[in-house]
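K.L.:
Chains A and B are the protein sequences, given in the same order.
Numbers 1 to 292, taken from the UniProt record's numbering, label the letters of the first sequence in order.
Numbers 1 to 270, taken from the UniProt record's numbering, label the letters of the second sequence in order.
The hints are simulated quantities; they were obtained by calculation from the structure and are not laboratory data.
Computed footprint of chain A on chain B, listed as stretches where at least three residues anywhere in the stretch have a Cβ under 8 angstroms from a Cβ of chain A: (1) 76–82; (2) 85–91; (3) 108–116; (4) 148–161.
Over the 12 angstroms line for every Cβ pair with chain A, so calculated as not near, a few chain B residues: (5) His-19; (6) Leu-23; (7) Pro-26; (8) Asp-28; (9) Glu-63; (10) Arg-122; (11) His-124; (12) Val-129; (13) Gly-144; (14) Pro-173; (15) Arg-184; (16) Thr-217.
Every residue, glycine too, gets a C-beta built ideally from N, C-alpha and C.
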Amino acid sequence: MDTFVQLVVNGLGKGAVFALLALGFVIIFKATEVVNFAHGSLVLFGGYLVVVTRETLGWAGAAVVGVLSAGLLALLVERLLLSRSRLASPFSLALLTIGVDVIITEEIVRRLGVSLPFIGDAWDAQPLQVGGVTMFRTHLVAIVVATVLITLFFLAFRYSNWGIAMRAQAENKEAAALSGVRSWVVTSSAWLVAGLLAGVAVLFIATQDFSGAGLSRGTHSIALAAFPAAIIGGLDSTAGAVVGGLVVGLVDALSTEYVSFAFAKSAVFLVMLVVLVVRPSGLFGTKETTRV
Amino acid sequence: MLTVRNLRVRYGRSVSALHGIDLDVPDDGVLAVLGSNGAGKSTLLRAVSGTLGLHRGSVTGGEIHYDGTRLDKLDPAAVVRQGVVGVPEGRQIFARMSVEENLRAGGIGARSAAERTAASRRVHELFPVLADRASQRAGLLSGGEQQMLAIGRALMSSPRLLLLDEPSLGLAPKIVERIAAIIRDIHEQGTAVVLVEQNAVMALGVADHAAVLEVGTLALSAPADELAESEDVQRLYLGGHAESEAEAERQVEAAHEQRSAKRRLSRWSG
Ligand SMILES: Nc1ncnc2c1ncn2[C@@H]1O[C@H](COP(=O)(O)OP(=O)(O)O)[C@@H](O)[C@H]1O
Ligand SMILES: [Mg+2]
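The task is simple: from the sequences and hints, build the whole structure.
P.N.:
Next up, the structure:
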């Protein structure tokens with residue numbers, strides 16, 4: 001039972017991080033209908049900036065720089081590349097993001113060389129005992145941080161003019177434009193927010209607790225869990241992204257424990273396939289993924 | 001004053017939808033744009049609103065000016081900020097958002113908070129039903145209410161020129177009359193209107209000037225009452241929907257009656 005509780009907490013901790021990633025992914029999709037395959041490279045980029053600035057700025061300062069850099073990179077990708085190809089279809093824009101992903105990822109992996117630095121703070125690898133249950137501090141911090149950020153996001157999404165503009169554009173581009181919604185503001189803010197969330201996520205991923213590995217190509221692979229998470233929740237559903245993230249975290253944690261580490265990755269995709277068969281638009285989505 | 005000069009529009013590379021249109025809409029005018037399906041009416045409004053790009057279309061020639069500003073180089077959000085706001089064909093409300101949120105979205109193009117507040121008051125006066133349904137999902141409104149919402153949303157940015165694309169489409173005759181009355185109200189409150197319609201009876205009952213489009217060219221432009229009386233036009237356009245000649249004549253009668261009816265202020269009360 002204790003093991004189970006522990007697994008659930010750890011699963012939710014991972015899930016919270018996947019939720020941040022999936023949420024960014026879904027925001028971009030909602031605003032632009034583009035599937036952003038460069039999400040993993042945004043994660044790596046944020047992490048890399050933490051690594052190179054930590055010496056001088058300390059962990060907290062470096063974390064801020066990392067998060068902002070990931071946001072800025074996302075904004076630049078949108079402004080400099082995607083927005084220039086305005087008439088291209090979402091499909092070809094998705095291909096463009098694959099190119100961006102490869103370039104950024106390979107460059108960072110090359111720069112990292114053989115060093116695989118952890119970027120967790122002092123809380124990393126100092127398990128916490130609560131009753132008979134051992135919990136990773138990183139996961140607890142991740143749950144708290146993700147809860148705060150996701151709550152803030154939903155408040156803004158629901159009540160602010162930004163949220164109204166965002167939802168209006170997601171639902172009907174032409175009607176939004178005729179209402180005076182500036183399409184480029186919605187689109188670039190979606191990318192900015194997604195980048196910032198990716199920058200936060202990496203602070204938890206490249207840790208001993210979360211992955212047992214520092215910043216590396218592996219970080220990128222872990223970030224790819226945002227795809228099944230978003231697809232499970234429904235590509236165009238923000239609430240779905242959060243649920244999908246948690247589902248992926250739990251499935252990952254439980255199948256690692258009860259089956260095997262190697263099976264965990266397939267388990268996530270198995271769950272995704274089952275969801276797609278039963279509900280082609282994902283748990284909360286309205287658009288069929290197969291259409292994308 | 002809206003002026004359209006020698007406007008040419010293409011969709012993609014091959015489809016030429018408008019080949020040289022000239023139009024004027026004075027600041028106190030209501031212009032009816034008539035024409036059968038595919039004539040280019042929606043295309044004309046899209047060109048003014050700047051939304052052609054969303055349909056893979058583009059202005060390939062000519063110019064559109066509004067009060068000295070050239071519109072055809074602006075994006076749709078900037079056109080809204082010039083005071084020119086469109087209600088698209090088929091209403092296109094945000095069905096998954098609440099009525100109130102739809103109106104808030106419309107207010108995004110407003111130039112100031114004070115203007116937004118005033119616009120909101122005006123919209124709720126014109127359409128009390130929208131206040132009653134404020135928290136309801138817009139997709140659950142009836143067709144007529146959705147059209148009210150679409151017009152209300154456009155009014156939220158206090159336009160000086162309102163572009164309406166077939167507001168009567170798919171609505172029952174009673175509702176169409178109400179919409180017509182509302183358009184008159186909006187005009188009397190000082191907003192110029194371009195009213196695109198296939199329902200010529202309704203449009204000529206509201207407009208003071210009318211233009212007839214035929215496959216991308218301007219076939220006719222005349223004061224609305226002249227047009228309503230011209231025999232050719234009666235046969236060609238007013239009778240366009242009629243099942244029989246008798247029905248056509250009845251419709252013409254109706255148009256005349258509507259025109260001569262006293263233009264009283266009326267309210268939509270749902
Ligand atoms: N998105 C589009 N792509 C290609 N052709 C279009 C598109 N929209 C309209 N057209 C064509 O342009 C012409 C005018 O259409 P439209 O402006 O919608 O007419 P109306 O509103 O008068 O019915 C028609 O021949 C129509 O087929
Ligand atoms: Mg049309």
